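Asks: So the chains spell out like this:
Number of protein chains: 2
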Amino acid sequence: MKVELLIIGNEILIGKTQDTNSNWMAKRITKYGHQVKRITTIGDKVKTISETIQRILQRKPDIIITSGGIGPTFDDMTLEGIASGINRKLELNEHAYNSIKKAYENAFHKGLLKLEGMTKERKKMSYLPQRSIPLPNTVGTAPGVKIVEGNSTIFILPGVPAEMKAIFRNIIVPILKEQQSNFIEKGFIFLGIGESQIAAYTNELEKKYPQLWIKTHPRIGLSVEVEVSITAFNVKNGEKLIDKVLNEIREIVTQLDGKIMERT
Amino acid sequence: MKVELLIIGNEILIGKTQDTNSNWMAKRITKYGHQVKRITTIGDKVKTISETIQRILQRKPDIIITSGGIGPTFDDMTLEGIASGINRKLELNEHAYNSIKKAYENAFHKGLLKLEGMTKERKKMSYLPQRSIPLPNTVGTAPGVKIVEGNSTIFILPGVPAEMKAIFRNIIVPILKEQQSNFIEKGFIFLGIGESQIAAYTNELEKKYPQLWIKTHPRIGLSVEVEVSITAFNVKNGEKLIDKVLNEIREIVTQLDGKIMERT
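Protein sequence lines correspond, in order, to chains A and B. Under the working numbering, think of the first position of the first sequence as 1, with each following residue one higher. Under the working numbering, think of the first position of the second sequence as 1, with each following residue one higher.
It should be emphasised that the hints constitute simulated quantities derived from the structure, not laboratory data. Note that the structure is a prediction, hence the values are computed from the model and not measured. Certain hints may be false.
No farther apart than 25 Å at their CA atoms in a straight line, the calculated lysine-lysine pairs in the PhoX-like style are these [said to hold, decoys possible]: (1) K60/A x K207/B; (2) K177/B x K120/A; (3) K244/B x K31/A; (4) K16/B x K45/A; (5) K16/A x K177/B; (6) K102/A x K114/A; (7) K123/A x K89/A; (8) K186/A x K37/A; (9) K207/B x K120/A; (10) K240/B x K47/A; (11) K45/A x K47/B; (12) K208/A x K123/B; (13) K31/A x K208/B; (14) K16/B x K244/A; (15) K45/A x K208/B.
Here are some of the chain A residues that sit facing chain B, going by a computed Cβ distance under 10 Å [unchecked claim]: (16) M25; (17) I29; (18) M125; (19) T138; (20) G140; (21) H217; (22) D257; (23) M261; (24) R263.
Each residue gets a CB set at the ideal place from its N, CA and C atoms; glycine is no exception.
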């Protein structure tokens, strides 16, 4: 499946917050054999969110995951932006309303909050785009949202990492697993030969094995990491092929007088 | 100035590498009073890079900074992608060629590399879009590139953080400083009142002071951070206004029976 991530939050654009959500999600999406095609980070602005979700939908990803901007404050504009982008109205979702109310009642009765009941700002979080499915937020108050639009499914998740992760694990991972293939990656590190010197050989290998992704990364101290990866349904066959190609590269490195170190 | 960042690299999309370059750049761009409007992360694919740079140029940012994909290997496609997007040919840039040659000669004579001279892969890095200005890379081999396209200036930087940072500091910071205003941000943390309870008040303050950005962040343990920021030419006046508004918020928090903690 093709996936796009949309990260929403001014705090990321001003550099106050390092976005770690997209990396966390990308790892898991890749692990189950799916592809993150693009990560877009934008601010909390209805027009920007609306135009961006439209553009993403035009590229027809199977899954779109947004993170951020669904809290109670005036600058949480994700739901309004998405609703505008897919031309749906916001309407009070009763399931969402009840789950938010319960979350605040619990916090009140535990003495964590001094205000009981649904304020205007708390109620705001239960206005979802028409035909939304609210996703339980077991960690915080704002529920996630699932929307089917054309052939794409949009998941709207909170920006707070613990809340995002809980909904991702509970709702999205099972979907990723359902259509799982396997991403396999192995590699090693070598010294004494530059990336540019090995490039001619890895270029040839990439042509010879078009199903593999062969990548070299320059590292500190002029060492180079080489990695070979594949998305395969059969893990055993995938690993066998990767091992074969890695051995070919090890031989080339040795012939060029380079020093091989295994990854730890 | 309006700035867009374009991060290029499959390793980020598969979650292998956490992109820290955009956060590092965003902090500095914000510090000098400029705005990062969007961060886009895409893979190493000529067509994607080409279409994305076209789309970014349509939004007319003053500055576009790309990071990644300018090394010697076959999957470094940024220069080809940008050239295609702005409809310019790649041509051998003599300044770039000479600086790359020198960098490899130095590495060879220091015994860091075993291969002297310009291979096809090394030479590849000196093919830049027509009318490019190469930017010296004092840390690595691939030079950065500056291109003026319409009213936008495109800076093409390496993905290796140390190399990106060196060129950013040497070339981009002076430009940011030239048109500098000041981004000022202060805040405090409070306990015992939820973000949703204070939201009604901060919404009102945001209307009263439209020049300010008032933001609350929920934190672990149900505490909330409030921050007030402004981009101002005069630091003293900006700070005075922020202090005034923060004191109004402190009063509200106290009246609501919340507990104030200063940030450390």
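Asks: All hints, please: hold or fail.
Replies: Hint check results:
The hinted pair formed by K60/A and K207/B fails the criterion: a straight-line CA distance of about 39 Å is larger than 25 Å. For the suggested pair K177/B and K120/A, the alpha carbons sit about 43 Å apart, so the restraint of at most 25 Å is broken. In summary, the hint linking K244/B to K31/A is not supported, as the alpha carbons are separated by about 50 Å, beyond the 25 Å threshold. Only pairs whose Cα atoms come within 25 Å are accepted, and K16/B paired with K45/A is rejected, the gap being roughly 30 Å.
Note on K16/A and K177/B: the hinted pairing holds, with a Cα-Cα distance of about 20 Å set against a maximum of 25 Å. In summary, the hint linking K102/A to K114/A is supported, as the alpha carbons are separated by about 15 Å, within the 25 Å threshold. Note on K123/A and K89/A: the hinted pairing holds, with a Cα-Cα distance of about 16 Å set against a maximum of 25 Å. Only pairs whose Cα atoms come within 25 Å are accepted, and K186/A paired with K37/A is accepted, the gap being roughly 22 Å.
Restraint check: the Cα-Cα separation between K207/B and K120/A comes to about 17 Å, which is no more than 25 Å; the hinted pair holds. For the hint linking K240/B to K47/A, the alpha-carbon distance of about 32 Å lies beyond 25 Å, and the restraint is violated. The straight-line distance between the Cα atoms of K45/A and K47/B is roughly 29 Å, outside the 25 Å bound, and the hint therefore fails. Between K208/A and K123/B the CA atoms are separated by roughly 23 Å; this keeps the pair inside 25 Å, and the hint holds.
Distance check on the hinted pair: K31/A and K208/B sit about 49 Å apart at the alpha-carbon level, beyond 25 Å; violated. Restraint check for K16/B and K244/A: satisfied, since their Cα atoms lie roughly 22 Å apart, inside the 25 Å limit. Between the alpha carbons of K45/A and K208/B the distance comes to roughly 19 Å, so the proposed pair stays at or under 25 Å and holds. Using the Cβ-Cβ criterion of 10 Å, the hint placing M25/A at the interface with chain B is satisfied: the shortest such distance is roughly 8 Å.
Proximity of I29/A to chain B holds as hinted, the smallest CB-CB distance being about 7 Å (cut-off 10 Å). Annotation: M125/A was flagged as interfacial toward chain B, and the flag holds, the nearest CB pair being 8 Å apart, inside 10 Å. Interface restraint check: T138/A against chain B, minimum CB-CB distance 15 Å, threshold 10 Å, status violated. A cut of 10 Å between beta carbons decides the hint on G140/A: the least distance to chain B is about 7 Å, and the hint holds.
For the restraint placing H217/A at the interface with chain B, the shortest Cβ-Cβ distance is roughly 7 Å, inside the 10 Å limit, so the hint holds. Against a cut-off of 10 Å between C-beta atoms, the interface hint on D257/A holds, since the closest Cβ of chain B lies about 6 Å away. Hint on M261/A is violated. Least Cβ distance to chain B is approximately 16 Å, over the 10 Å limit. For R263/A, the shortest C-beta to C-beta distance to chain B is roughly 12 Å, which exceeds 10 Å, and the interface hint is violated.
When the structure is compared with the earlier hints, violations turn up for hints 1, 2, 3, 4, 10, 11, 13, 19, 23, 24 and for no others.
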